[in-house]
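The chain contents come next:
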Amino acid sequence: MKPALLTRSGFWVAALATAAVVLPLVVSDSFALDIFIRVLLFAFIGVAWNLMGGYAKQLSLGHAAYFGLGAYTSTILLIRFGISPWIGMFAGGVVAMLASLPIGALCFRLRGPYFAIATIATAQVLMLLFLKFRDFAWGAEGTTLPNLGDAPLMMQFESKAAYYYVALALLALGLAITHRVERSWMGFYLVAVGEDEDAAEAVGVDTTKIKRQIYLISAFLTALGGTFYVEYIYFIDPNTAFSFNVSVEVALVSIVGGIGTLWGPVVGTVLLEATSALLQSWLGSGHSGVQLTVYSLILVVVILWRPSGLIGLFTELYQRVTYADPARAKEVPLDG
Amino acid sequence: MLEVLAQAVINGLLIGGVYALVSIGVTLIFGVVKIVNFAQGEFVMIGMYISFFLASSLGVDPVLSLLISMPTLFAIGVLLQHFLIRRVLALGDMPQIFLTFALSLLLMNVALLLFTANYRTVQTAYSEMSFHIGPLYFAVAKLIAFVIAMLLSAILYIFLHGTDLGKAMRAAAQNREVAMLMGINPDRVFSVAVGVALALAGAAGSLLMPFYPAYPLVGQVFVLMAFVAVVLGTLGNITGALIASLMMGVAESLGVQFVGADSGLIVVFVMLLLTLALRPNGLFGGWAR
Amino acid sequence: MKKSKRELGAKRLGAKRLGRRDFLVKSGALAAGAVAAFNIRTAAAADTVNIGGLYPVTGSFAQIGQGCVNAAKLAVQMVNDAGGIKSLGGAKLNLIVSDVQSDPTVTRTETDRLISGYKPAAIHGAFASALTLIASEVAERAKVPLLTGSSSDQLNKDRHFTFTPFSRASQFALAQLQMSKLVSDQPKVAVIFENTAFGTSTSNGLREQAPAQGVEIVLFEPYSAGLSDASPLMNKVKASGANMLFPVSYLNDLILIIRAIKQVDLKIAINGGSGGFVIPDFYRNVGNTAEGLLGVAHWNHDINDNAQRVNAAYQKQFGEFLFEYAGGLVAQTFMIADALERAASTEPQKVRDALAALDVSEGYAAMCPGGKVKFGPDGKNIYAHPVGVQWQHGDLATVFPKEDARAQLIKA
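Chains as they are written, first to last, in the working numbering: chain A, 833 to 1168; chain B, 619 to 907; chain C, 2 to 413.
Don't read these hints as lab results, they were simulated from the structure. Take these hints with a grain of salt, some might be off.
Said to hold, decoys possible - Derived coverage of chain B by chain A (criterion: at least 3 residues anywhere in the stretch with Cβ under 8 Å from a Cβ of chain A; other residues may be distant):
1. 697–708
2. 725–732
3. 884–890
We put the CB at the ideal spot given by N, CA and C, even for glycine.
Let's have the full structure, built from the sequences with the hints guiding it.
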């Protein structure tokens, strides 16, 4: 077997990774870095969602539940107990995993739209609960994070680039895990469940166990993203932490990019965020609703035209560009 | 005390009528076309804006503007089914869910672009009127909405059970393949179903205008209740949706009165989750009676 | 003729390699272009001073945000027409407006972008308390002074760069309680409030101070904003036996509440607090029913002659009266101008120090209730207090306290 780096895809990954690592050294504009951080973060959570929603086709619209649990856990540990968010992040992930068990038990019995509605409801219930918990979680008003200056051990950095690298590391983690899962037995079972759950059951796959396991992973990763987010915007409140918009965006980026593929969420996030940034700079402020209008139009177009996501389009385009003879853009059998 | 209770029940029933119009539409679409229309609330919003503009520029009473908003939304529904929904019918859960979802986002934000976030209200002679029977108050505008909502539901029932087209719809809902074998054109049936559902949403919008402000996100307020009612009443069951909507209205009202005004939403969601857990098929089971 | 596998394979491999290089070059060029585009900055020209305004021009607070931006532009125009900053050679103020889209993340990135991209000497904003808190965090770390009319008490904790010239949430509560005694000897108050930051902070102030003011709170009810029906709530209010209602709500709920009160025939005095209650849109939506309703505000357009003057100019240009938050930020612009004048520099740290030393009692910079501004060590204006207002003939009149009243309180 050729070493991974020398294969075609290995080369690309290495190139991309190098570019990503070098980027903050080349681009110093704060706003640009903010955009990249946002892309990395949402690509990461999109990857987390994709494990469940893309491969196993369990279309959750309530992933903000885990995002928020991660965010709140690390914040509570930080402000009430002085524990570093690095540890808090991990703790948040564990809390999310624990939460995913009863939620999964309830929701996995449901299919399709029922499942989606149930997940929306769970995220909303959590938001409402946290709006009420004034005593240990600051209730509706939320709280800002204490200004610790430059404190890398407490996940507060003076330079924007540091946040970028943390987000990049998270994304790399998510991609690595997805890659492993894809190639493992679990990956095969997931796709089987996603294709036809009843058939998978009939063949002897323990669909409940598979769904539960992938949910654990998905919830854990999403919670990590939640912690990072709070550390980045210095503020938390129930509306932000359990925001329906977060739930929607993480599903959206996978669907637009390529549901059930490794790079799909990344492609989707880059596309959506790039569109968003462009819109903002062209139109400036004062145009309510343009951004989301465009997002939803993109979504409608993708669903009607390429339901499996745009990544297929890019792969085809790439092949067309690299083959001198466009007629050979598609695979030809080697034997005549 | 009894009078407080009675008043709470009355308030709940009256607003429940509006929830019913929205939820019947959702359940109708689901029953016949087998798709959950996440954008139903936005069609209510469109109905509200139609009524608002008719009222503010031509002085048409919002309730009367039903006669315009309902056919308009029916037409939109037919177009929606023909151009968009039809394309995703064979594609599976994900595209179906996200299509109507994307539509919902799209409509909300286009409305935001066109109309801005400002609240639009209509003042009618009866907007703040209420009459009372003893110590109990009935807000006139809400009562009118309730009565007309019940009327429309009754008309729908008669349509589904008394006309050929209605029976064809029920047949297609029960078993699409057999219905096709019987010569029923599913496309036509689906178009009518979506059209009717959206017309009901439009009616809800017009009926809301005398006492509720219109703004781009207004659909979200009602669609939540409607969805819980739809699930409770069993997806596809129209009578179920109606009864469940009234129940939800009353439950919400009683919840506010006796538990707490901010617990109302939690109660609703918990009811939803419990139903999904214990009786995923809703309280009533089966297609429309 | 059939080619051998090897030949075919070799050709494909060759084509690939060439294509890959080509692709890399093309995409590299694209990427470089994009990177270059990102690195464009705009610093102020030599004879202008950048100041920043962060407001929710889009999203759920859009109506108010737009009004604020209008007022901000008017204020800058006024400063510049009066000669700009004389100690900086007549330099004109240049307002950079950033839309925070009523969203926390956007607030975070926009504040950053505003500060690092335009290097303002000072900034003001952002209306909603949650958004202002985030902006304040960013400003603190970037060491740029922020002025705000937002009332959250958290804004005065552990900060050196945030200045609040106007009354705080707890002061609003006190004013409302005091006003309730003007209307009734035995005030029995029902407090209903939306359960997010705005409602919770104001209502807590009410609950804490009521006993000391001799006001009995008979109902204290949080509710979820975005009511589908206000009747159940009003039913509860009626059952509580309250003779006064303090709703702490956003505009859409206020509309429903006011109407529902009429529908259940509830005879009750209302003090709607500030926020959505004291904007022209409230009257537009509720109509005559608004007449006589009481509220509180941290600024009103009739508190002194300067305020009246600005109001007249605003009304001429935008067709409605200058509302609380917008009027307040006009004063803030002048405070910034005053600080720039004394600092004779555009460096944020020096401007901050000049603001901390601010002590005015005349001119547009002092245009607030009481007519005096001086900041304490926690950024609070030691003279700040709210005023009670009442809707009279479609306009908002200041009726409380006596020193600030410009009109008589009309009793129902």
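* Checking C-beta pairs, does the region 884–890 of chain B have three or more residues closer than 8 Å to chain A? -> holds (count 4)
* To do: Can you take a look at whether the region 697–708 of chain B is actually covered by chain A? Rule is 3+ residues, C-beta closer than 8 Å.
  => holds (count 3)
* Asked: Under a C-beta cut-off of less than 8 Å, do 3 or more residues of the region 725–732 of chain B approach chain A closely enough to confirm the stated coverage?
  -> It holds, with 6 qualifying residues against the three required.
The structure is consistent with each of the numbered hints, conforming to all of them.
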